[in-house]
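There are 2 protein chains.
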Amino acid sequence: MAASYVERLEERVSSGMSPACVGIDPRPERLPAGVAPGRSAAERIVAFVREVLPSIARRAPVVKPNIAFFEALGADGWRAYEEVCRLARAGGLLVIGDVKRGDIGSTAAAYARAHFAHADALTVNPYLGTDAIEPFLAACREAGRAIYVLVRTSNPGAAMFQSLRDTRGHTVAEVVARAVDRWGEDTASPGGFASVGAVVGATRADELLALRRAMPRAPLLIPGVGAQGGRITDLRAAFDGRGFGAVVNQSRAMLECFEPGDPDWRDRIDAALDAFHAELQDLLRDRAATTANPHP
Amino acid sequence: MAASYVERLEERVSSGMSPACVGIDPRPERLPAGVAPGRSAAERIVAFVREVLPSIARRAPVVKPNIAFFEALGADGWRAYEEVCRLARAGGLLVIGDVKRGDIGSTAAAYARAHFAHADALTVNPYLGTDAIEPFLAACREAGRAIYVLVRTSNPGAAMFQSLRDTRGHTVAEVVARAVDRWGEDTASPGGFASVGAVVGATRADELLALRRAMPRAPLLIPGVGAQGGRITDLRAAFDGRGFGAVVNQSRAMLECFEPGDPDWRDRIDAALDAFHAELQDLLRDRAATTANPHP
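Protein sequence lines, in the order shown, are assigned to chains A and B.
Under the working numbering, read the first sequence as residues 1 to 296, first letter to last.
Under the working numbering, read the second sequence as residues 1 to 296, first letter to last.
To be clear, the hints were calculated from the coordinates, so they are not data collected in a lab.
You may find that some hints are simply not true.
A few chain A residues that face chain B, going by a derived Cβ cut-off under 10 Å, partial list only [unchecked claim]:
no., residue
1, Ala75
2, Pro126
3, Phe161
Per the computed footprint, the stretches of chain B lying under chain A, defined by three or more beta-carbons under 8 Å from a beta-carbon of chain A, are [to be verified]:
no., segment
4, 63 to 73
5, 108 to 119
6, 151 to 165
7, 170 to 183
Note that beta-carbon positions come from the ideal geometry of N, C-alpha and C, so glycine has one too.
Using the sequences provided together with the hints, build the complete structure.
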C-alpha cells in the first residue's frame, strides 16, 4: 500500500512544513474581480483555486474544500468541487473533503464511495453511531485514507448537545472522543497516530487537553482560529514534540484576506500563508522546548 | 405565502391519502433491466424515476430521495438528484431531500440555500446545535419549508450516543427532541403541527411515546419499517386521530421489490404501494377508533 494520508502528512511536517490546513470555502462574491470575469461562478472558483494552489502547496501540506459552498452552486458546483480536489492532489497537496456526512450503514457506504473518490481524508458526523462510521473505517484500514470525526465543534451552539454530561460526568464530546480512539485501533502510522481523527474547535482550547487524553492517537483537525476567535497559541496540547498530532485550519483569513477589487490579492494571500506558517512554527518550537516526551 | 409543506401534507392526508413516504435510494444494479439500457447510470435512474412517479403520486403524498445514492455517481448523479426532485414536484409530490446536512452557521446557510432549491423539506443533523439549524429554520418560517431533525435513528449503532443519559436521566435523543419542540415554536400549521419535525426510527417504537411527549407538535419522519425490522402496527403513538403527525417511509420494499430482470416490475411496485397504503389505513383506523382526543 502507498503511504497513508497520516504518513504523508507526517513526512511533510518532518521536512519543515507547518501543520497548516487551508480551508477552501469559496463565495463567488469574494473572488478576485480579475479572475475569469464574465464566466460562471463555478468556473471562476476553479480558476481562482487553480491560481492559488501553487502558492499554497509551497507553504502548507493540506487543503480542506468545504463542499457546502460548492453545493450552493448545484451540479456545476459539484463538478467544480471534484475539479478543485483533483487539481490540489495533482499539485502535491493532501485533501480533506469537508463533507460532514453521516448516515446509516448502507447509505454511509454510498457516501464513503462517493467522497473518497475525491479526497484523502473526510470529515464525518458521529450522531448515528458506529455503523455510520464503519464504511469510512474500511477505507482507512484498507486504502490509507483518514477521517476526522466531529467531536467538539467551534461554533457557539456546539455546547447544546456536545457538552451534555452523562451519568458518569463525561460530556457527549468526551464519549465520542473515546469512540474515536477505539475506531482508530490498528490504524496507527509509524509516527504513532491513527487514521481516525477528530475535529476539535480552537475555540474550545479549555477542553482540548481532556479530549486529547481521551484519544491520544487521534490526529486532530482544528478549525475556529481567527474569525471565530480561537488562538493558535492555545493549541499546544494538540501536538507532540515533533509537531505531529494535528492540523490547524484557516479558511477566510487565508483566501478572503483581500477585497475583491484589490490587484495585489496574490501577494496578500502569500503574506497570510507566511504569517500562518510562522505562527505555527512558533507554537511547535514552544511545544518542543517544553516536552521531554516526544509523544503526548 | 403559498401553503406550507406541512399544510399540503395535511391536505393530502385529509383527502384520503396515506401518510406514506416513498424513499428513492437508487442503486444502478437494482434498476429494471429494460429501463434505458446502455445509458449511463445517472440517466437510467432518472428514466426509472420518471416512469414510476405517476404511480407513486396516485398513492402517496411524499417522496424522499436519498442524496447519498446520487452523490455516489459524482456530478452526473448530483444532476440526476436535481432532476428527480424537479420531476417529483412537477408531478404533484412533496419532496423530502434526505441530505442529513449539519455544519456551523455560515456553512449551514450555504447548505440551506443549496438544498431548499430542490426540496420542500430536508433532513438535518443536530450534533452542532442551534446555530447549525438556524439557517434552515429561517426557510421554515419564511418560505413554508420544513426540516426533519435526526433525533432517534433506525440503525443498530444509534444507541451509542443517542441513548446516553444526562445527569437528569434524559437521553440525548430526548434532549434533542425538546430542542426540536422549541425550534418549531411559531411555525404551527392550522392542523397544529410545526414545520420543525424529527426523524424517529420505527425500530425504536419503544421510545416513540416518550419522544412524542417531548415534541408534541413535531411532524415525524419514520424510517426503518420493513427491511430494518420496524413494524407499522407499532407506530400508533406517532399519529393523532386525523392521521396527522407523521409520515412513514419505505424505500427498498417499494422501489426494489422486484428482480432487475422481472418484466412485471411496474405491477409489483403498484402492489407494494397498495399494500403500504392499506397497512397505514389500518393503523389510522385503529388510531382514530381508540382516541377521543383528536390531538395527541
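Practice item. Enumerate the violated hints, using their earlier numbering and listing them in ascending order. Key: none
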